[in-house]
Amino acid sequence: MTTRERTSPQIQPYLDVLESRLGDLPAEERSDLLGDLESHLEEILTDESADTLSDRIGTPDAYADEFVASTGIAGTSPTKRTLTETMSDSLRWIRSHPSADRARRCGEEMRPAWWTTRGLAIGLLLMWNYLWPGNPNFPWILVSWAVVMLPLIIWASMRVGRNHQRTPAWKWLSIAVTIAGVFAIFALAANVSARLDTNSHEYDSYPYGSQTEQDIQFMSEHGMSPEEYFEGLWQGEHGPPITYVPSAPPLATP
Amino acid sequence: MDTTQLLKGVLEPSVLAVLDEKDGYGYEVVRRLRSKGLNEVGDASVYGTLRRLFQGGHLSSYVVPSDEGPNRKYYAINKSGRKQLKASRKQWKQFSETLDGVLNGIGGDES
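One line per chain: the protein sequences are G and L, in this order.
Numbering-wise, the first sequence is residues 64 to 317 according to the working numbering.
Numbering-wise, the second sequence is residues 22 to 132 according to the working numbering.
Please note: incorrect hints may appear among the correct ones.
Pair by pair, the computed Cβ-Cβ distance ranges are [unchecked claim]:
#1 Ser153(G) x Gly122(L): 47 to 53 Å
#2 Arg93(G) x Ser101(L): 20 to 26 Å
#3 Asn99(L) x Pro72(G): 36 to 42 Å
#4 Pro72(G) x Glu61(L): 24 to 30 Å
Residues of chain L placed beyond 10 Å of chain G at every Cβ, according to the derived structure [stated by the list, open to error]:
#5 Val31
#6 Leu32
#7 Gly63
#8 Arg72
#9 Ala97
#10 Lys100
#11 Leu120
Hints were generated in silico from the structure; no laboratory data involved.
Note that the structure is a prediction, hence the values are computed from the model and not measured.
Even for Gly, the Cβ is constructed at its ideal location relative to N, Cα and C.
All chains, full assembly: derive it from the sequences and hints.
Pasting the structure below:
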């Protein structure tokens, strides 16, 4: 058998490509097969013909595909790949890219900041209803929230973040907290913008949660939804007393 | 019609039939199949089929030193291979008769 050192440069690509397609074939079978193929291809080369090897048997890739398919060995032919395999290959390629490494490092440095932010957002959302001077327990409950609960929530969020790779339970918890954090940020943003709206325009965005008893009575008497009612109110169609509380009570009751 | 797809299913019995006539080495088997009219047969397919038949125990092999090139690995059909060939011939006969009927509109509800 010809040794690898004397392998024709025309043959080597065929052996290399096929070797990469042989999957988990045992080493003995693998070298037997490649050695055989080398003799076989040399036979084709020495045949009296001026054509190159690829003219006669096709490209190394096509050759390896055809060979693996006809031998029935469990090769790793790219044509047989499943979608998930292709996707994980692409992911591996993206991960191995230098800028992906930079992005990952940057992301890792940002993580504690995110853990703090989401904790803060969740905490603020939970205490949202106590934040405003209209609340009877206003100062004390706010202080106790700010001093005790908020740091506790942020601490818990960071702890979940740090341990997210420890066990599947931690991982799921971390995913849940992430979702809650994202939700809290959006909810806060929505509440803040609603509040700003309330302060700048008086009626058109009057929060439905702040109906007076007269409002509610009128709606139930006329079978109106709050949307209809406030729309009518704004148009001046029905004339119940318009009561507007400048310091709007909480947006939602706890 | 592209015959490469058709060839796939019948390559195994074809290789067995060629070796049933005479032992042969890889490239020689390809040439013999082509000289019999299977011009489009691919080298990789034939060689892969040879390997599969050998791994499946239908062929035995021996090495013959060659003056001009590398040693040649000859393949010979064995008892199991002959049995396989016999079964394939019978199967092919049935199949080709059926397909003749289908393609030419013979038998069934055709007038």
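So, going through the hints one by one against the coordinates:
For the pair Ser153(G) and Gly122(L), the beta carbons lie near 49 Å from each other, so the given range of 47 to 53 Å is met. Remark: the range hint 20 to 26 Å for Arg93(G) to Ser101(L) is upheld by a beta-carbon distance near 25 Å. Asn99(L) and Pro72(G) have their C-beta atoms about 37 Å apart, which keeps the hinted 36 to 42 Å range intact. The hint said 24 to 30 Å for the Cβ distance between Pro72(G) and Glu61(L), and at roughly 28 Å that hint holds.
Against the 10 Å criterion, Val31(L) stays outside the reach of chain G, whose nearest CB is about 12 Å from its own CB. With a least CB separation of 7 Å from chain G, Leu32(L) falls inside the 10 Å interface cut-off, contrary to its annotation. Not every CB of chain G is more than 10 Å from the CB of Gly63(L) (nearest about 5 Å), against its label as outside the interface. Consistency note on Arg72(L): stated as away from chain G, yet its beta-carbon is not over 10 Å from all of that chain's, at 5 Å minimum.
For Ala97(L), the shortest C-beta to C-beta distance to chain G comes to about 16 Å, beyond the 10 Å cut-off, and the non-interface label holds. With a least CB separation of 22 Å from chain G, Lys100(L) remains clear of the 10 Å interface cut-off, as annotated. The Cβ of Leu120(L) sits about 23 Å from the closest Cβ of chain G, beyond the 10 Å cut-off, so the non-interface label holds.
Going through the hint list in order, the structure does not satisfy hints 6, 7, 8.
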